[in-house]
Amino acid sequence: MAQPKPTYPGSVWRTSRRLPSLHSDAQTSSRSTSRLASARCESGLFHQSVQDGSATVQRSGSSASGRIIFCKPLEHNHLKCNYKEWPKKKFENDGQRNGHHHLAPDTNTFIANSSPGGSTGSLDKPPFLCAPVTPSRMQSSTPINSPGGDISWKNDYNTTLNGSYLNNSSSSEFLNGSHESSLAQSPTSVSYEARKTLVKPKSLVEKARMNVAWLDSSLSIMEQGVHEFGLLCLRFKFYDFYDLNPKYDAVRINQIYEQAKWQLLNEEIECTEEEMLMFAALQLQINRQVNQPQPNNDNGSIISPGEDDIDAALTELETTLEGAAISNNANDITQVPELHDELRFLKPKRFTLKGYKKYWFTCRDLHLFLHKSKEEMIHRTSPAYSINLRGCEVTPDVNISQQKYGIKLEVASSDGMSEMYIRCDTEQQYAKWMACCKLASKGRSLADSSYETEKKTILDFLQMQKPADSPALNPNSLNIQVEDYIAPKYLRKLKGKLLHRIVEAHANVKNLPLIDAKLNYIRAWQNLPDYGVTLFVVKFMDSKKEELLGITHHRIMKMDINTGDHLKTWRYNTMKAWNVNWEVKHMMIQFEEGSIVFSCLSADCKVVHEFIGGYIFLSTRSKDASQTLNEELFHKLTGGWS
Numbered sequence: 354m355a356q357p358k359p360t361y362p363g364s365v366w367r368t369s370r371r372l373p374s375l376h377s378d379a380q381t382s383s384r385s386t387s388r389l390a391s392a393r394c395e396s397g398l399f400h401q402s403v404q405d406g407s408a409t410v411q412r413s414g415s416s417a418s419g420r421i422i423f424c425k426p427l428e429h430n431h432l433k434c435n436y437k438e439w440p441k442k443k444f445e446n447d448g449q450r451n452g453h454h455h456l457a458p459d460t461n462t463f464i465a466n467s468s469p470g471g472s473t474g475s476l477d478k479p480p481f482l483c484a485p486v487t488p489s490r491m492q493s494s495t496p497i498n499s500p501g502g503d504i505s506w507k508n509d510y511n512t513t514l515n516g517s518y519l520n521n522s523s524s525s526e527f528l529n530g531s532h533e534s535s536l537a538q539s540p541t542s543v544s545y546e547a548r549k550t551l552v553k554p555k556s557l558v559e560k561a562r563m564n565v566a567w568l569d570s571s572l573s574i575m576e577q578g579v580h581e582f583g584l585l586c587l588r589f590k591f592y593d594f595y596d597l598n599p600k601y602d603a604v605r606i607n608q609i610y611e612q613a614k615w616q617l618l619n620e621e622i623e624c625t626e627e628e629m630l631m632f633a634a635l636q637l638q639i640n641r642q643v644n645q646p647q648p649n650n651d652n653g654s655i656i657s658p659g660e661d662d663i664d665a666a667l668t669e670l671e672t673t674l675e676g677a678a679i680s681n682n683a684n685d686i687t688q689v690p691e692l693h694d695e696l697r698f699l700k701p702k703r704f705t706l707k708g709y710k711k712y713w714f715t716c717r718d719l720h721l722f723l724h725k726s727k728e729e730m731i732h733r734t735s736p737a738y739s740i741n742l743r744g745c746e747v748t749p750d751v752n753i754s755q756q757k758y759g760i761k762l763e764v765a766s767s768d769g770m771s772e773m774y775i776r777c778d779t780e781q782q783y784a785k786w787m788a789c790c791k792l793a794s795k796g797r798s799l800a801d802s803s804y805e806t807e808k809k810t811i812l813d814f815l816q817m818q819k820p821a822d823s824p825a826l827n828p829n830s831l832n833i834q835v836e837d838y839i840a841p842k843y844l845r846k847l848k849g850k851l852l853h854r855i856v857e858a859h860a861n862v863k864n865l866p867l868i869d870a871k872l873n874y875i876r877a878w879q880n881l882p883d884y885g886v887t888l889f890v891v892k893f894m895d896s897k898k899e900e901l902l903g904i905t906h907h908r909i910m911k912m913d914i915n916t917g918d919h920l921k922t923w924r925y926n927t928m929k930a931w932n933v934n935w936e937v938k939h940m941m942i943q944f945e946e947g948s949i950v951f952s953c954l955s956a957d958c959k960v961v962h963e964f965i966g967g968y969i970f971l972s973t974r975s976k977d978a979s980q981t982l983n984e985e986l987f988h989k990l991t992g993g994w995s
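Counting in the working numbering, the sequence shown runs without a single skipped number right up to 995 at its last residue.
In short, the hints are calculated from the structure, not lab data. None of the values given here were measured: they were computed from a predicted structure. Take every hint as true, because none was put in to throw you off.
Derived lysine-lysine pairs resembling DSSO-like cross-links, with alpha carbons at most 27 Å apart:
no., residue 1, residue 2
1, Lys-938, Lys-433
2, Lys-819, Lys-863
3, Lys-757, Lys-727
4, Lys-842, Lys-863
5, Lys-761, Lys-809
6, Lys-757, Lys-809
7, Lys-757, Lys-842
8, Lys-848, Lys-757
9, Lys-850, Lys-553
10, Lys-850, Lys-819
11, Lys-892, Lys-938
Just need the whole structure built from these sequences, with the hints factored in.
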């Protein structure tokens, strides 16, 4: 009798090698089990010699709008030490085993250290490893402007193996589309055995150590020690999603939703109590909608399995040809818009206990001007404060239950990053100024077309966190495990009140269909302050202490290792090039204002190199939904050699 597939919290793949005697450069395929972000295992065939980036795109069907990458399953030991150093020290202490010396595994690579005949050891039993290999290449420099000149996205990858098509699964599900349909849904709960495998970081350093797991996109999975029936995880590596179309991207939306959900439940990303209850309410609505008929995304009607798609396609074509209607109420931009309001302001100083003080604020030309009176603001006299918002860090400081609507600014100064706080009186006021500050930090003025959209997104996010007057469900009628919905720290804090609080929050989202509930979950996740920040423990050349390096889709941050406070921010648009010295594993990044040099302690510097190159690569994309992946450009920017 066939054994049932286990249910895991994450994404996984296993390999059954057809031609194990072939070398790693041969066109071999293998079956690998992949743990999806949707808490399930799937089995699929892979090119053993195809680079990891290509293999994952083929397996996941990922479009040009995002990169879903393989990584090794983490174990709890990976969070305890900077894993590139710990096993070697352990070997030195252990000495010999059974009278024989054993070389400790190199935890910066899945490849064995050495073997006779130059074998990479990829067919041997894999050691306890969790990071890519440092390329044995000469020191190189990667310029920001497109290497190779062409930044267009090339034709799709080759999906043939020895002249025949290689399916992502040997199952006939791919012939009738049922496999793709199944990937658009997820289990509502996971087993106890699967829960025991969850890795839950307790500190910023442990969160940074989790990034040791990424496979090298420049090497094949065979070169990285992935063996027959081995276990891999599929994750979106780069937090840069766009063009999520509910009609065509059900699988991608579901996988992003699941990755967001498990980040919250495993406390990989922080959120407030109100936000946690909102996420739980959305998750409850999603689980309740799974088996319900869903409205058509075009006209709100219920989807019927036998419905003819021709009419829907004609309607979509008609809308495309006619174009979107242009509003007659659009602002006549003859001058750059300004924002004026009376707000409270605080600039903390050492050894002082001063509170918030009222000022008249003006936002103009990416600057905040603070005046002591309305008359001074109108006549534009010399302001009490002038704050340059370009490049600053903007963080919400909100507590719905306490009617607290604050904005935290971290602005570059000669002494590092200066903290400033703005306090608003209402959520409408907060939404206006939060949207203004976020856009200005990216170099966009109030004339930008995204200002109104940003403001509405903030208001919707706040509205979902408000408790409803009356619950739409009876808590006693629900048979759910609250630990499937709430992060552990809030489980301990709220205890017996949790189910009732979730039901109260659910009343705000009770009418959302399945796909809209998932999209709302994703948007709310993207609005969290820590969203999209990938951490590494590093040591800068001019410093003796360890610090954090945070990498996002548009900036690099130097952060305090204990508090996470931003010490320095560099934007990609000021970056000239980045160099890697593979001999000493030092990385140098050249900016307009100077260069920084650091070594990475929690992962190989190749991982850092890939994140920076990957985000630069994604910035070259166009908004064309039919765009395919330019594999050559991706590997030029992330490969680590010229």
